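From first to last, the protein sequence lines stand for chains A and B.
For the first sequence, position 6 matches number 6 in our numbering, and the numbering has no gaps at all.
For the second sequence, position 60 matches number 60 in our numbering, and the numbering has no gaps at all.
The set of hints was computed from the structure by calculation and includes no laboratory data.
Treat the numbers as computed from the prediction; the structure is a model and nothing was measured.
Just to be clear, a hint being listed does not mean it is correct.
Stated by the list, open to error - Here are some chain B residues pointing at chain A (derived, C-beta under 8 Å):
no., residue
1, S146
2, E188
3, P285
4, R299
5, W310
6, E314
7, N366
As the list claims (entries may be wrong) - Estimated spans, in silico, between C-beta atoms of each pair:
no., chain 1, residue 1, chain 2, residue 2, range
8, A, D33, B, A141, 47 to 53 Å
9, B, V159, A, H52, 38 to 44 Å
10, A, S68, B, D213, 57 to 63 Å
11, B, S287, A, E34, 48 to 54 Å
Heads up, the beta-carbon is just placed ideally off N, CA and C, and yes, glycines get one too.
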Amino acid sequence: MRKSREVPVTILAAIALSSIGCHDTPENRNCVDEQGRIVPDTYCQSSVYGAHYRYLYGGASGGHYGDSVVGGSTTSNSESGVSRGGFGHDGGGEDGGE
Amino acid sequence: MRRLTVQPRDNWQATVARTGLTGHTLDDGRPYWDESAYWEFTAAEVDRLEAATAEIQRLALIAGDYILDHNRLEDMKIPAEAAARIRETWNSEPPALYGRLDLAFDGRQIKLLEYNADTPTALVEAAVTQWYWLEDFFPDADQFNSLHEKLVVKWKDLVPYLNQPVYFGHDGSEEDFMTVSYLRDTAEQAGHRTIPISMYDIGWEEAAARFVDLDRKPIESLFKLYPWEWLLGERFGAHALESIGSVNWMEPIWKMMWSNKALLAILWELNPNHELLLPAYLDGPRSLQDYVRKPLFGREGKGVTVFRNWAAEEGCDSAVEEPCVYQKLASLATEGGNTAVIGSWLIDGEPAGMGVRESSSLITTNTSRFVPHLFR
């Protein structure tokens, strides 16, 4: 036999069951569009959407997609000395896989 | 090999999604996972595909030495700053997991189309979805697919070499996220602790000169489903190069030599007329009449153009701005207007299984359908 005897997939099945592409988001961080309105985190993380989206740390908002964030900063106060976003935007709309 | 049609399972979408293939349908509503058909191979054909995969891997290893000994990285348009790291890791052999050869097989000849050595996907379909499909439809038949077992064995081998946890970086797309989620499954079953992270969230801590996760914990083992040529072109690219040695990057940076399509021309140069290779050149099509032009860094069929009688037939024939390889057009298995390409997997350098992708054209793209297989 050249097939696997068994193929257990617990993490994969759990993620497939829950909503797709849902990750833990650090507290009080929102992905926003150029007008400062909240959009799904995937817009900030995927190369598909280009460079029109960024994270805002802090600030006040209703917390729902489409709400505007008032205040906030593009760097996290609790994160002095750490920069992020240095990977992840050069795909030009492609996935990393092939 | 032959293509047979069969009635798909009722509610096949939910069935394949349950074991992880959530991207079973294309944006236009056509199935990506297509179980209205399957490919049946003979055991002898699978033996040939397996042997061909092992032989091409042997040729690729020789080509790696040759590329470095003869300073061919420049021909491959690999950035000069990466060269020293490629050389170092080629010699020190840090952990490397997997790769996928794309093979043309028309039932007679097997030819290498390319080597996806850095960030291969379509793994969930090959390792998981078609395995469960076989259990449902033909439990007594066999399948060239011990991917799951071989992945777990390889991860077990890597336990002493990888600091925990092992991070799994992805670019945020659903397909890639599901692929790393599956790889996490295989790593955890081997005893690793795993954490997914989007490439965007990876932090650089200046004072300690190290990569950190969202909790500022250092990242020392990182599987990234993200091509090296993108990493190097981005803001943290120089940090990535510096970190090699203190961070175990998988796949290692030397995979840039194999995922680059200039490899195809170098393989032909070293092994002219090898039965598993197609003529391929870097400086133009030379005497080829029917050929395919592929960008050296192209992915998922992007930028590929098919020429017949020297004229562009499929793909984009805009002026070539990026360096390309010119490869003789291969004979592909064709049935009912579908052309099939075999994705032959290597885990730890050993043949481990295969998947079949079908297209209505000659170019395999990210919308080419995955069709399951079996052999008897």
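Hints, one by one, checked against the model:
Taken as an interface hint, B:S146 checks out: its beta carbon lies about 5 Å from the nearest beta carbon of chain A, inside 8 Å. For B:E188, the suggested interface contact is upheld, since its CB lies about 7 Å from the closest CB of chain A, less than 8 Å. The criterion of a C-beta within 8 Å of any C-beta in chain A is not met by B:P285, whose closest approach is roughly 24 Å, and the hint is violated. Contact between B:R299 and chain A, as hinted, is supported at the beta carbon level, the nearest pair being about 4 Å apart and thus within 8 Å.
Nearest Cβ of chain A to the Cβ of B:W310: about 28 Å, over the 8 Å cut. The hint is violated. Because the smallest distance between the Cβ of B:E314 and any Cβ of chain A comes to about 19 Å, over 8 Å, the interface hint for this residue is violated. Interface restraint check: B:N366 against chain A, minimum CB-CB distance 7 Å, threshold 8 Å, status holds. A C-beta distance of roughly 51 Å is found between A:D33 and B:A141, which places it inside the suggested range of 47 to 53 Å.
Checking the proposed 38 to 44 Å range against B:V159 and A:H52 shows it holds: the Cβ atoms sit about 43 Å from each other. Distance hint check for A:S68 and B:D213: the Cβ-Cβ separation is about 30 Å, which falls outside the suggested range of 57 to 63 Å. Distance hint for B:S287 and A:E34: a CB-CB separation of about 53 Å, consistent with the stated range 48 to 54 Å.
Hint violations for this structure: numbers 3, 5, 6, 10, all remaining hints satisfied.
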